[in-house]
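**Student:** Each chain, letter by letter, is given below.
There are 2 protein chains.
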Amino acid sequence: MLNATICTIGDEILIGQIIDTNSSFISKELNKLGVKVDFMISVSDKESDIISNIERCLSLSDIVIVTGGLGPTKDDITKAALAKLSGCTEFRYDHDQLEIIEEICRKRGIGLSVLNRDQALVPECCTVLKNTLGTAPGMMFSISKNGGLSQSLLFSLPGVPYEMAALLPQVIKKIESLNSTEAIFHKSLSTFGIPESLLASLIEKWEDELPDVVKLAYLPNPLSGVRLRLSIYGGTEEDAEATVKPLLEDLKKILGNSLYGEDDDTLEQVISRHLRKISCTLSTAESCTGGKIASLITSLPGASDIYKGSVISYDNDVKFDLLDVDRGIIEKFGAVSSECALEMASGVRRLLKTDYAVAASGIAGPDGGTIDKPVGTLWIAVAGPDFCESRRVTFIGDRQRNIDRFSSEALNTLRLKLGIQLM
Amino acid sequence: MLNATICTIGDEILIGQIIDTNSSFISKELNKLGVKVDFMISVSDKESDIISNIERCLSLSDIVIVTGGLGPTKDDITKAALAKLSGCTEFRYDHDQLEIIEEICRKRGIGLSVLNRDQALVPECCTVLKNTLGTAPGMMFSISKNGGLSQSLLFSLPGVPYEMAALLPQVIKKIESLNSTEAIFHKSLSTFGIPESLLASLIEKWEDELPDVVKLAYLPNPLSGVRLRLSIYGGTEEDAEATVKPLLEDLKKILGNSLYGEDDDTLEQVISRHLRKISCTLSTAESCTGGKIASLITSLPGASDIYKGSVISYDNDVKFDLLDVDRGIIEKFGAVSSECALEMASGVRRLLKTDYAVAASGIAGPDGGTIDKPVGTLWIAVAGPDFCESRRVTFIGDRQRNIDRFSSEALNTLRLKLGIQLM
Numbered sequence: 000m001l002n003a004t005i006c007t008i009g010d011e012i013l014i015g016q017i018i019d020t021n022s023s024f025i026s027k028e029l030n031k032l033g034v035k036v037d038f039m040i041s042v043s044d045k046e047s048d049i050i051s052n053i054e055r056c057l058s059l060s061d062i063v064i065v066t067g068g069l070g071p072t073k074d075d076i077t078k079a080a081l082a083k084l085s086g087c088t089e090f091r092y093d094h095d096q097l098e099i100i101e102e103i104c105r106k107r108g109i110g111l112s113v114l115n116r117d118q119a120l121v122p123e124c125c126t127v128l129k130n131t132l133g134t135a136p137g138m139m140f141s142i143s144k145n146g147g148l149s150q151s152l153l154f155s156l157p158g159v160p161y162e163m164a165a166l167l168p169q170v171i172k173k174i175e176s177l178n179s180t181e182a183i184f185h186k187s188l189s190t191f192g193i194p195e196s197l198l199a200s201l202i203e204k205w206e207d208e209l210p211d212v213v214k215l216a217y218l219p220n221p222l223s224g225v226r227l228r229l230s231i232y233g234g235t236e237e238d239a240e241a242t243v244k245p246l247l248e249d250l251k252k253i254l255g256n257s258l259y260g261e262d263d264d265t266l267e268q269v270i271s272r273h274l275r276k277i278s279c280t281l282s283t284a285e286s287c288t289g290g291k292i293a294s295l296i297t298s299l300p301g302a303s304d305i306y307k308g309s310v311i312s313y314d315n316d317v318k319f320d321l322l323d324v325d326r327g328i329i330e331k332f333g334a335v336s337s338e339c340a341l342e343m344a345s346g347v348r349r350l351l352k353t354d355y356a357v358a359a360s361g362i363a364g365p366d367g368g369t370i371d372k373p374v375g376t377l378w379i380a381v382a383g384p385d386f387c388e389s390r391r392v393t394f395i396g397d398r399q400r401n402i403d404r405f406s407s408e409a410l411n412t413l414r415l416k417l418g419i420q421l422m
Numbered sequence: 000m001l002n003a004t005i006c007t008i009g010d011e012i013l014i015g016q017i018i019d020t021n022s023s024f025i026s027k028e029l030n031k032l033g034v035k036v037d038f039m040i041s042v043s044d045k046e047s048d049i050i051s052n053i054e055r056c057l058s059l060s061d062i063v064i065v066t067g068g069l070g071p072t073k074d075d076i077t078k079a080a081l082a083k084l085s086g087c088t089e090f091r092y093d094h095d096q097l098e099i100i101e102e103i104c105r106k107r108g109i110g111l112s113v114l115n116r117d118q119a120l121v122p123e124c125c126t127v128l129k130n131t132l133g134t135a136p137g138m139m140f141s142i143s144k145n146g147g148l149s150q151s152l153l154f155s156l157p158g159v160p161y162e163m164a165a166l167l168p169q170v171i172k173k174i175e176s177l178n179s180t181e182a183i184f185h186k187s188l189s190t191f192g193i194p195e196s197l198l199a200s201l202i203e204k205w206e207d208e209l210p211d212v213v214k215l216a217y218l219p220n221p222l223s224g225v226r227l228r229l230s231i232y233g234g235t236e237e238d239a240e241a242t243v244k245p246l247l248e249d250l251k252k253i254l255g256n257s258l259y260g261e262d263d264d265t266l267e268q269v270i271s272r273h274l275r276k277i278s279c280t281l282s283t284a285e286s287c288t289g290g291k292i293a294s295l296i297t298s299l300p301g302a303s304d305i306y307k308g309s310v311i312s313y314d315n316d317v318k319f320d321l322l323d324v325d326r327g328i329i330e331k332f333g334a335v336s337s338e339c340a341l342e343m344a345s346g347v348r349r350l351l352k353t354d355y356a357v358a359a360s361g362i363a364g365p366d367g368g369t370i371d372k373p374v375g376t377l378w379i380a381v382a383g384p385d386f387c388e389s390r391r392v393t394f395i396g397d398r399q400r401n402i403d404r405f406s407s408e409a410l411n412t413l414r415l416k417l418g419i420q421l422m
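Protein chains in written order, with numbering that gives the first Met the number 0: chain B, 0 to 422; chain H, 0 to 422.
If you're looking for bench data, these hints aren't it; they were derived computationally from the structure.
All residues carry an ideal CB built from backbone N, CA and C; glycine is no exception.
Wrong hints could be hidden among the right ones.
Claimed, not checked - Cut-off 20 Å, straight-line C-alpha distance, at most; resulting in silico cross-link-like pairs (SDA-like, lysine to any residue): (1) B:K214 / H:I76; (2) H:K106 / B:T393; (3) B:K204 / H:I109; (4) B:K106 / H:I76; (5) B:K27 / B:V213; (6) H:K27 / B:K106.
As the list claims (entries may be wrong) - Derived Cβ-Cβ restraints for the label pairs, each shown as a range: (7) B:N2 / H:D117: 32 to 40 Å; (8) H:T393 / B:R116: 20 to 28 Å; (9) H:K172 / B:H273: 47 to 55 Å.
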């Protein structure tokens with residue numbers, strides 16, 4: 000099985016100013032291809048650090064993918080470091096990339112500066128991977144492994160995530176041509192509503208009886224619940240599918256409707272799919288979640304098929320004026336109450352003329368809690384053609400985490416009312 | 000200067016199922032303390048990988064911070080690996096942590112299982128860092144460096160980001176007691192509206208004249224623009240401040256109102272601060288951004304001071320019925336038009352009775368574009384007490400990136416109308 004290392008370059012990562020999302024993206028693609036990622040490393044913009052760490056990666060892995068440090072500005076030195084590392088001191092202009100750079104500058108209405116033009120300058124010995132979305136081309140180098148006859152492939156990609164993502168298919172194609180990839184099989188199952196440790200107890204017996212070849216992992220996430228991942232390394236995909244199938248059936252029996260999806264399924268995905276299938280529409284009314292629920296739903300392409308919109312009633316006046324929540328209700332019970340959430344849900348459903356509606360009213364913090372309603376309290380309501388129901392949940396977390404968990408809990412409440420589960 | 004390595008453990012990172020946000024968070028805190036992070040590494044849940052990589056980190060760094068692999072489930076083996084690595088085979092129950100675990104189970108209404116209780120089991124030789132938010136305690140080990148007399152500090156923290164974040168102050172305190180920390184000074188400046196390469200040309204002369212001790216980096220981000228970071232390693236904070244001050248003044252002259260903030264300032268932060276200062280309120284009307292603008296604004300604590308809410312008019316009927324957009328306008332110009340955006344902004348401003356309003360209507364993709372209005376087209380409108388203005392922008396990107404850039408571009412349009420810039 001081919002193995003790989005992913006190396007991200009940039010002081011901005013090491014000082015914590017940005018989060019590296021590239022490594023995760025790349026490793027997902029490599030896994031699909033049957034390439035195992037042994038480790039990921041982030042190093043600084045210092046030439047000696049770049050060279051020594053990439054050399055170490057090359058000595059350990061068949062494939063090394065480097066991202067970052069290819070910008071037009073002076074702090075970006077990856078290209079020079081890779082030229083040195085590959086022993087290639089001559090540079091040339093790549094004409095295809097130069098044309099793209101000229102086109103990009105034209106579209107943005109800016110002149111072609113020397114900095115931009117020199118983005119097309121690459122070490123003679125590399126193979127260029129054209130970048131149509133940005134100025135920095137990708138590069139591929141073939142480098143002798145530990146000084147021996149076998150070669151490691153070294154790829155250098157831009158650090159800008161969407162440019163990197165657009166270049167990756169070219170990398171995949173080169174790796175596929177190595178023709179020695181073996182399957183890595185992952186099957187993930189999405190659950191919601193059972194805390195990780197309770198889930199572990201529930202499936203303990205099932206877990207104990209897993210075949211040795213199957214590895215299980217628990218992946219909790221505030222937006223999508225706990226994912227269970229079954230992995231099988233090596234062998235054929237057909238064998239792996241056959242091994243996993245009965246395990247999955249048993250798991251469905253144990254977890255029932257807590258099991259809602261497979262692979263990368265999220266709550267918003269299974270809900271959107273279901274609503275599309277039954278030709279129904281959804282609206283939302285959000286207070287404390289401030290647009291997060293809407294944002295999750297509309298992150299999916301084609302959301303307009305099933306989603307009509309939202310009223311974000313951050314201020315109580317918006318609850319009265321738009322959602323027609325009764326003033327007396329808020330005076331008597333407060334905005335964070337079953338009564339208010341119910342009126343928000345039925346109000347937005349009526350106003351936006353949708354089949355279903357979800358509402359959330361709570362206290363995300365850090366301030367604003369009381370003894371009865373501490374920070375982390377949320378009232379959720381779901382309304383449909385023949386029901387309107389509310390429930391209360393309480394979480395412990397910071398503001399961002401509370402907003403995330405509030406949003407997923409609201410979506411999960413809707414999912415359960417719609418009867419969506421993994422069949 | 001003390002140096003550190005951050006090591007995250009978990010197959011879920013290496014197969015790309017989750018993104019590591021812990022390393023970034025930790026390294027930011029270490030930087031503040033004057034501890035330089037040399038590199039970050041992510042390794043699998045395999046015991047031999049954990050041990051060999053942490054040993055390498057310990058041989059290179061004064062401080063090693065490990066996160067992950069401390070869950071109650073069987074795939075989590077960090078604790079056992081660290082016990083082996085530290086040569087400490089005896090375990091004990093930590094009574095403080097056990098009490099916390101009991102309390103957590105009580106609150107969640109679940110029984111105290113063996114799995115949960117054993118979360119309080121720690122190697123004899125470690126110092127426990129109490130975790131009040133979760134079941135897994137943090138641990139600190141003192142380990143001889145390269146077999147010599149000097150000691151490296153090895154910390155193990157839970158992988159759940161908010162538990163890790165809550166434990167970090169205890170780590171910081173231990174490191175501070177080492178008493179040999181020297182300052183690392185970073186000054187970041189937020190710009191918006193100038194592409195990275197153009198920015199580089201604009202400040203080229205200024206950059207060439209930077210003192211040798213000052214390092215400059217460009218950090219582009221679709222949500223907050225291009226950040227310029229000036230870094231000075233070593234020396235006192237006062238010296239660094241004095242070095243940076245005149246540089247900053249010169250930069251303000253060159254960049255004018257493209258420069259909008261310092262350090263971690265985001266568009267939503269400077270706008271919220273300004274509105275609070277002038278006691279004004281804001282509302283939003285979103286189509287294609289689907290709640291992202293609202294979500295950015297309400298991610299900040301105390302957002303309710305200045306933000307009243309939003310109408311997400313994903314469906315045209317919501318534009319007509321709630322925002323009072325004229326049907327004729329959409330028939331004639333389409334929903335993605337100057338006219339529609341202007342009516343959305345003035346409509347939501349009137350409806351929610353706010354001083355200012357922002358509206359966005361565009362095509363995020365991947366489908367839905369035309370020749371005149373390709374995917375990536377956005378009309379933004381901003382309305383205030385005495386103006387209502389629109390502008391068009393066009394981006395090239397995938398759906399998520401378009402949504403992000405649409406949202407920040409809308410916020411930046413509002414910022415410029417409010418006259419907010421770095422003074």
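**Student:** Does each hint fit the structure? Answer for all of them.
**Tutor:** Here is what the structure says about each hint:
1. B:K214 / H:I76: Since the Cα atoms of K214 of chain B and I76 of chain H sit roughly 13 Å apart, the hinted pair holds (cutoff 20 Å).
2. H:K106 / B:T393: holds (10 Å)
3. B:K204 / H:I109: Given that 20 Å is the threshold and the Cα spacing comes to 19 Å, the pair holds.
4. B:K106 / H:I76: violated (53 Å)
5. B:K27 / B:V213: holds (19 Å)
6. H:K27 / B:K106: violated (37 Å)
7. B:N2 / H:D117: 32 to 40 Å: Given range 32 to 40 Å: holds, Cβ gap about 34 Å.
8. H:T393 / B:R116: 20 to 28 Å: Roughly 24 Å apart at Cβ, these two residues keep to the hinted range, so it holds.
9. H:K172 / B:H273: 47 to 55 Å: holds (50 Å)
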